[in-house]
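There are 2 protein chains.
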Amino acid sequence: MKKIHFIRFTAITLCLLAGIQAKSQQSAEADVIRKIFNEALTSYEAYHNLEWLCKNTAGRICGRPEAAEAVEFTRQLMNKMKLDSVWLQPIMVKSWDRGEKEVARIVSEKFGTIAVPSCALGWSVGTGDPGLSARVVEVKSLDELKSKSGNEIEGRIVFFNQPMKQTNLDTFTSYGETVWQRTDGPVEAGKLGAIGCVIRSMSIEIDDFPHTGITRYADDVKPIPAIAISTKAAEMLSDYLTVDSNLYFFFRTTCLAGPDVPSFNVIGEIRGSAFPNEIITIGGHLDAWDIAEGANDDGGGCIQSIEVLRLLQAAGIRPLHTIRAVMFMDEEVAQRGGQMYAKEAAAKGEKHIAALESDRGVFQPKALTVTGNPGQMKKLAEWQPLFDPYDIKLISGGGGADVGPLKKIYPKILLMGIIPEDQRYFKLHHAASDTFEQVDRREMQMGAAGIAALVYLYDKFGL
Amino acid sequence: MKKIHFIRFTAITLCLLAGIQAKSQQSAEADVIRKIFNEALTSYEAYHNLEWLCKNTAGRICGRPEAAEAVEFTRQLMNKMKLDSVWLQPIMVKSWDRGEKEVARIVSEKFGTIAVPSCALGWSVGTGDPGLSARVVEVKSLDELKSKSGNEIEGRIVFFNQPMKQTNLDTFTSYGETVWQRTDGPVEAGKLGAIGCVIRSMSIEIDDFPHTGITRYADDVKPIPAIAISTKAAEMLSDYLTVDSNLYFFFRTTCLAGPDVPSFNVIGEIRGSAFPNEIITIGGHLDAWDIAEGANDDGGGCIQSIEVLRLLQAAGIRPLHTIRAVMFMDEEVAQRGGQMYAKEAAAKGEKHIAALESDRGVFQPKALTVTGNPGQMKKLAEWQPLFDPYDIKLISGGGGADVGPLKKIYPKILLMGIIPEDQRYFKLHHAASDTFEQVDRREMQMGAAGIAALVYLYDKFGL
Chain P
59 MKKIHFIRFT AITLCLLAGI QAKSQQSAEA DVIRKIFNEA LTSYEAYHNL EWLCKNTAGR
119 ICGRPEAAEA VEFTRQLMNK MKLDSVWLQP IMVKSWDRGE KEVARIVSEK FGTIAVPSCA
179 LGWSVGTGDP GLSARVVEVK SLDELKSKSG NEIEGRIVFF NQPMKQTNLD TFTSYGETVW
239 QRTDGPVEAG KLGAIGCVIR SMSIEIDDFP HTGITRYADD VKPIPAIAIS TKAAEMLSDY
299 LTVDSNLYFF FRTTCLAGPD VPSFNVIGEI RGSAFPNEII TIGGHLDAWD IAEGANDDGG
359 GCIQSIEVLR LLQAAGIRPL HTIRAVMFMD EEVAQRGGQM YAKEAAAKGE KHIAALESDR
419 GVFQPKALTV TGNPGQMKKL AEWQPLFDPY DIKLISGGGG ADVGPLKKIY PKILLMGIIP
479 EDQRYFKLHH AASDTFEQVD RREMQMGAAG IAALVYLYDK FGL
Chain F
59 MKKIHFIRFT AITLCLLAGI QAKSQQSAEA DVIRKIFNEA LTSYEAYHNL EWLCKNTAGR
119 ICGRPEAAEA VEFTRQLMNK MKLDSVWLQP IMVKSWDRGE KEVARIVSEK FGTIAVPSCA
179 LGWSVGTGDP GLSARVVEVK SLDELKSKSG NEIEGRIVFF NQPMKQTNLD TFTSYGETVW
239 QRTDGPVEAG KLGAIGCVIR SMSIEIDDFP HTGITRYADD VKPIPAIAIS TKAAEMLSDY
299 LTVDSNLYFF FRTTCLAGPD VPSFNVIGEI RGSAFPNEII TIGGHLDAWD IAEGANDDGG
359 GCIQSIEVLR LLQAAGIRPL HTIRAVMFMD EEVAQRGGQM YAKEAAAKGE KHIAALESDR
419 GVFQPKALTV TGNPGQMKKL AEWQPLFDPY DIKLISGGGG ADVGPLKKIY PKILLMGIIP
479 EDQRYFKLHH AASDTFEQVD RREMQMGAAG IAALVYLYDK FGL
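Protein sequence lines correspond, in order, to chains P and F. Heads up: the first sequence begins at 59 in the working numbering, then just goes up one per residue. Heads up: the second sequence begins at 59 in the working numbering, then just goes up one per residue.
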């Protein structure tokens with residue numbers, strides 16, 4: 059009996075001690091994380107760097123001189139940080155030139171001639187000098203397009219006008235539902251004999267900004283010129299068509315694809331003190347559309363990635379694993395940066411254990427995500443109290459266009475993510491409105507600090 | 059036994075039925091609330107009205123013609139809505155004129171003469187035409203000021219330079235900790251013989267915008283001229299003082315208080331179908347500082363209040379109680395609008411059961427608050443699932459400068475509130491940077507819909 063009592067007593071004591079230890083451990087980690095957030099909230103370095111990037115390398119789509127400027131700027135930024143290593147990873151990227159400012163007009167006997175805000179889709183072919191004029195067939199779905207008979211489409215301009223659903227609370231869902239119009243619309247219209255394509259801008263708001271973005275032609279379909287018009291113009295064109303179905307649409311673009319040209323991913327790392335060959339990648343993509351400063355898509359994500367390294371340094375954290383900030387090139391077009399990064403990792407025999415890409419804007423962070431198995435998610439949930447003060451949820455999810463290729467090579471890699479508030483994102487995305495001024499320093503820094511805190515915990519305790 | 063079994067059977071059945079009923083009731087309410095949010099997210103009416111208010115009545119501080127314009131505009135807005143009643147409630151407000159653009163300079167033998175961005179505090183006395191020049195005493199707390207000996211302050215300019223704490227996650231806490239400098243600094247400095255007062259702008263960011271706001275003199279202390287300088291200028295002045303403590307500060311203001319003048323609260327209501335004399339007030343304040351468009355402080359709050367009525371109408375809800383939208387005048391200066399509203403309510407024998415003021419910006423809503431007793435809060439918690447889809451928490455809290463006076467007359471009134479995301483608020487508050495462009499339509503509308511949903515449930519079920 060006595061022995062049992064003693065064992066029970068000891069067990070309870072040990073549990074209590076473990077509890078106390080766990081609690082004081084939590085409290086020590088809370089202090090480190092508070093330090094990271096305090097540094098983030100009081101520093102202007104990242105914000106000023108984003109300003110420089112936006113104002114001096116606006117329009118840095120891959121293959122353009124602005125992209126080369128951005129490569130050099132971020133390389134220099136990281137060089138100054140006393141990281142263990144900073145280097146450029148060469149890739150070949152596609153090139154394309156938008157040419158002269160686009161012209162687009164509705165020409166109606168009833169309404170007269172109305173110029174509308176427009177921009178060519180990325181990698182569209184041009185109309186050539188005389189421009190292109192034709193009658194318009196409006197469709198709101200691929201089924202609707204396919205239900206048309208050949209001679210309804212032949213020689214016409216197809217006008218894709220499926221709006222982003224404003225009632226979705228997750229605006230990324232609305233984007234996912236509609237972006238096919240831009241990526242696949244021109245090729246689908248081309249298959250049916252259309253001679254041009256007008257796309258309602260992928261914007262959650264009704265306003266005057268045209269939004270660009272990649273369109274993808276098929277080898278076996280003759281490419282047709284494609285432009286986006288502002289959502290307000292799309293509403294107008296649709297209204298006019300109901301009254302005057304014979305109206306013409308005219309547009310002129312002189313864009314032209316060029317040859318592949320050299321470019322780079324920009325990489326900086328803090329080498330792991332215990333496991334230098336085990337790598338945690340934090341990235342954003344450095345390229346941004348040629349009509350935009352690309353503050354939220356995705357200059358902010360790049361600058362946050364660099365800031366994560368700085369915040370770890372400033373908090374005096376020497377990580378066990380190697381932590382990298384990667385500015386991926388060419389996310390917007392062919393994701394060659396992400397592919398090369400994964401390919402070279404495999405070739406060098408690196409071991410990639412986790413990766414996160416910040417590419418949903420740099421607004422107030424709502425959640426950090428992990429694509430873990432149930433056991434990992436359970437362990438992650440134990441960290442939730444550490445993020446409660448910052449109102450950041452730890453939930454399931456992750457991935458990103460540039461870290462996706464790593465998953466193919468390292469099936470066990472833990473993909474992570476950050477989900478910021480998204481009400482504003484899709485009114486700015488791929489448009490001239492995505493300026494530095496749209497970014498709030500505190501919001502961006504809260505995101506960087508959140509990522510840094512997650513990286514810190516994962517590096518130290520694993521999942 | 060049989061009887062007992064039957065009773066038990068019946069009780070269980072009733073419980074189950076009640077459960078099913080409660081569930082289908084919840085689901086019906088969820089549908090109504092979804093309808094409210096859908097209408098909010100797809101409508102541009104409120105947003106366009108806010109644009110008009112910001113662009114055509116900027117600087118609508120009480121007593122100014124812009125305030126009268128704003129009164130007329132919102133009256134007309136509500137008149138067009140087919141409400142049961144729209145009226146103006148007369149009040150007398152203070153008036154004040156900022157005069158010519160302020161001039162402020164640091165004059166140092168070491169650093170030369172440097173102009174700094176500045177604005178007179180609201181209702182400050184002017185320096186008069188020649189301006190005012192004196193040596194500077196910097197303090198960061200009231201204790202520090204009071205610890206100075208008389209001749210350290212006499213004839214000097216006191217420079218209040220306590221920064222808003224950037225590491226607070228709730229920026230309203232930072233404001234609460236520092237705003238004494240602006241409200242009470244000049245009178246405290248005046249007591250000790252200072253001849254002028256320079257205040258570090260109440261801004262969470264380091265930038266070039268001076269932020270104004272009310273200062274309060276005391277009857278028994280000679281008022282001294284007071285200006286705010288931008289946070290960046292405050293940092294510079296502080297740095298320079300460490301090197302050249304003998305530098306002079308010069309400023310010139312020609313502001314002047316005027317007589318009391320007539321103005322109005324603007325009120326619109328949907329009369330209650332069952333309890334017309336029981337009133338739920340939703341309000342914002344119509345006045346905004348004379349250097350600002352006042353988009354977030356508080357044009358947005360006013361427009362949200364009107365939008366709440368429109369959303370109820372659009373959802374086909376005929377409330378049981380009377381629901382009012384009130385544009386309070388004079389929140390920024392003497393809160394006479396709020397006081398008159400409460401006074402007249404008492405005089406008319408109205409019964410006010412709940413009131414909410416939206417005056418924390420119109421960013422993404424994080425929470426709706428209620429100052430209820432434990433029983434009320436328990437009932438409120440039952441509504442939480444209805445707000446989960448919108449990521450809005452129902453928590454304890456409430457109040458507001460203009461609805462506060464109602465509480466004195468109606469001690470049982472339920473004060474409610476809305477808490478939006480606040481990272482951006484205090485870089486805009488009372489400054490020229492608080493423009494329409496800072497407001498996102500979806501975020502503002504999410505707030506209006508959240509308030510409308512809370513009003514709908516409270517009107518129908520009470521708390």
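No wet-lab data here; the hints were simulated from the structure. Hints may be right or wrong, so weigh each one.
Note: identical chains are not told apart, hence a pair may lie in one copy or across any two.
[To be verified] List of simulated lysine to any residue pairs, SDA-like, C-alpha gap at most 25 Å:
hint, residue 1, residue 2
1, K204, L452
2, K401, A373
3, K113, F494
4, K436, K470
Checked hints:
{"no.": "1", "hint": "K204 to L452", "in the structure": "neither (43 Å within a copy, 48 Å between copies)"}
{"no.": "2", "hint": "K401 to A373", "in the structure": "neither (33 Å within a copy, 56 Å between copies)"}
{"no.": "3", "hint": "K113 to F494", "in the structure": "both (8 Å within a copy, 23 Å between copies)"}
{"no.": "4", "hint": "K436 to K470", "in the structure": "within (17 Å within a copy, 45 Å between copies)"}
Figure legend: structure checked against the earlier numbered hints; hints not met, in rising order: 1, 2.
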